[in-house]
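First residue of the sequence shown? That's 1 in UniProt numbering, and the numbers climb one at a time after it.
I should point out that these hints are in silico values taken from the structure, not numbers from a laboratory.
For each residue, glycine too, the CB sits at the ideal point set by N, CA and C.
Certain hints may be false.
[As the list claims (entries may be wrong)] If you anchor each label on the Cβ, the simulated ranges turn out as follows:
| # | residue 1 | residue 2 | range |
| --- | --- | --- | --- |
| 1 | Gly139 | Glu198 | 28 to 36 Å |
| 2 | Gln124 | Gly255 | 12 to 20 Å |
| 3 | Arg188 | Ile271 | 24 to 32 Å |
| 4 | Asp126 | Thr250 | 19 to 27 Å |
[Said to hold, decoys possible] Computed list of lysine-lysine pairs in PhoX-like fashion (alpha-carbon distance at most 25 Å, straight line):
| # | residue 1 | residue 2 |
| --- | --- | --- |
| 5 | Lys136 | Lys121 |
| 6 | Lys150 | Lys121 |
| 7 | Lys170 | Lys268 |
| 8 | Lys142 | Lys237 |
| 9 | Lys179 | Lys237 |
| 10 | Lys187 | Lys220 |
| 11 | Lys31 | Lys136 |
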Amino acid sequence: MAVLPQIQEDKWKSLRYLLGGIFLVLVLIEKSMGFDPKAAGNLIPKQGFRNIGKTQEKTKFAEPSDPFAKETWEDDLNWEEEVLTQTFPDTESKQKSRTKLIDETIPEITLPEDRFPGAGKRLQADAGYLPVYFLKFYGTGKNSQSQLVKLSREFPGGDPIPFLFQELTKGPNAEEKGKGVLSALSKRIRMEPNYRLENGILHISVSEDLSYGGSIEILKDRLDQISFTLVGNFGIKGVILYTNGERIRTLGSDGLTIPEVLAKTQRKVIIF
Numbered sequence: 001m002a003v004l005p006q007i008q009e010d011k012w013k014s015l016r017y018l019l020g021g022i023f024l025v026l027v028l029i030e031k032s033m034g035f036d037p038k039a040a041g042n043l044i045p046k047q048g049f050r051n052i053g054k055t056q057e058k059t060k061f062a063e064p065s066d067p068f069a070k071e072t073w074e075d076d077l078n079w080e081e082e083v084l085t086q087t088f089p090d091t092e093s094k095q096k097s098r099t100k101l102i103d104e105t106i107p108e109i110t111l112p113e114d115r116f117p118g119a120g121k122r123l124q125a126d127a128g129y130l131p132v133y134f135l136k137f138y139g140t141g142k143n144s145q146s147q148l149v150k151l152s153r154e155f156p157g158g159d160p161i162p163f164l165f166q167e168l169t170k171g172p173n174a175e176e177k178g179k180g181v182l183s184a185l186s187k188r189i190r191m192e193p194n195y196r197l198e199n200g201i202l203h204i205s206v207s208e209d210l211s212y213g214g215s216i217e218i219l220k221d222r223l224d225q226i227s228f229t230l231v232g233n234f235g236i237k238g239v240i241l242y243t244n245g246e247r248i249r250t251l252g253s254d255g256l257t258i259p260e261v262l263a264k265t266q267r268k269v270i271i272f
């Protein structure tokens, strides 16, 4: 019976060792998590075990570091500038400046085939009647369409080219107007007295008024009036138009493209 007190004492020693070991483990864990050992009277820190894996994160946001304290902060700024440069390139502005420089330094060149070839031998024809072509509209509203009308003019003889062009710009007479005949070429349009007929192609120079006023359809009517009146007479197979010594490639603000050589189109003609 005397052995029991010794056994009881050994049990208490073992329990104390166990509790001491647990306490030591807790202290080591708290130290690894940043526990302040100077805090008095608390075995468990205020942050507790909830801070496992989060302590460094909170410290980072609670006390932000000074970005300029880094030795490499200038390198970081340079990197940002490089990114901005790549994101918003100024290539377009450079291209525009280059284009402007080219436009200012390189003169505009007119190819030889675009220049008026100069005056040639003038035609001569006997007196008689020559055909001219005007317009007449049929239908109303959106369904209205122009048709070419063939009329004749008494020619006194001499050079027929300026005579025919003048008759086109003069327009129909009073009797013809009463029948609804009109001209798409106004009186303001002038033809230069010099022209050249070469290899069946008539080169004539007209005023810039040919391109002014009227829709695309009216501009097409002007070209048809000229080509139907001139082509097919006096050995003329086609017409090329010029203005201010340079070839006309387009007409009007919409840029109606002119064929390389004007000729008669597939269009109905009404004979009065």
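Comparing the hints with the structure gives:
At roughly 41 Å, the beta-carbon separation of Gly139 and Glu198 lies outside the given 28 to 36 Å, and the hint is violated. The beta-carbon spacing between Gln124 and Gly255, approximately 38 Å, falls outside the hinted interval of 12 to 20 Å. Under the hint 24 to 32 Å, the C-beta atoms of Arg188 and Ile271, about 29 Å apart, fit the expected range. Restraint check, Asp126 to Thr250: a C-beta distance of roughly 38 Å breaks the suggested window 19 to 27 Å.
Simply put, Lys136 and Lys121 have alpha-carbon atoms about 35 Å apart, too far for the 25 Å limit, and the pair is violated. Our distance criterion of 25 Å between C-alpha atoms is broken by Lys150 and Lys121, whose separation comes to about 28 Å. Straight-line distance between C-alpha atoms of Lys170 and Lys268 comes to about 23 Å, which keeps the hinted pair within the 25 Å bound. Between Lys142 and Lys237, the direct Cα distance comes to roughly 35 Å. Violation of the 25 Å bound is thereby established for this hinted pair.
For the hint linking Lys179 to Lys237, the alpha-carbon distance of about 31 Å lies beyond 25 Å, and the restraint is violated. For a cut-off of 25 Å, the pair hint linking Lys187 to Lys220 stands: about 17 Å separates their Cα positions. Distance check on the hinted pair: Lys31 and Lys136 sit about 107 Å apart at the alpha-carbon level, beyond 25 Å; violated.
In summary, the structure is inconsistent with hints 1, 2, 4, 5, 6, 8, 9 and 11 from the numbered list given earlier, while agreeing with the others.
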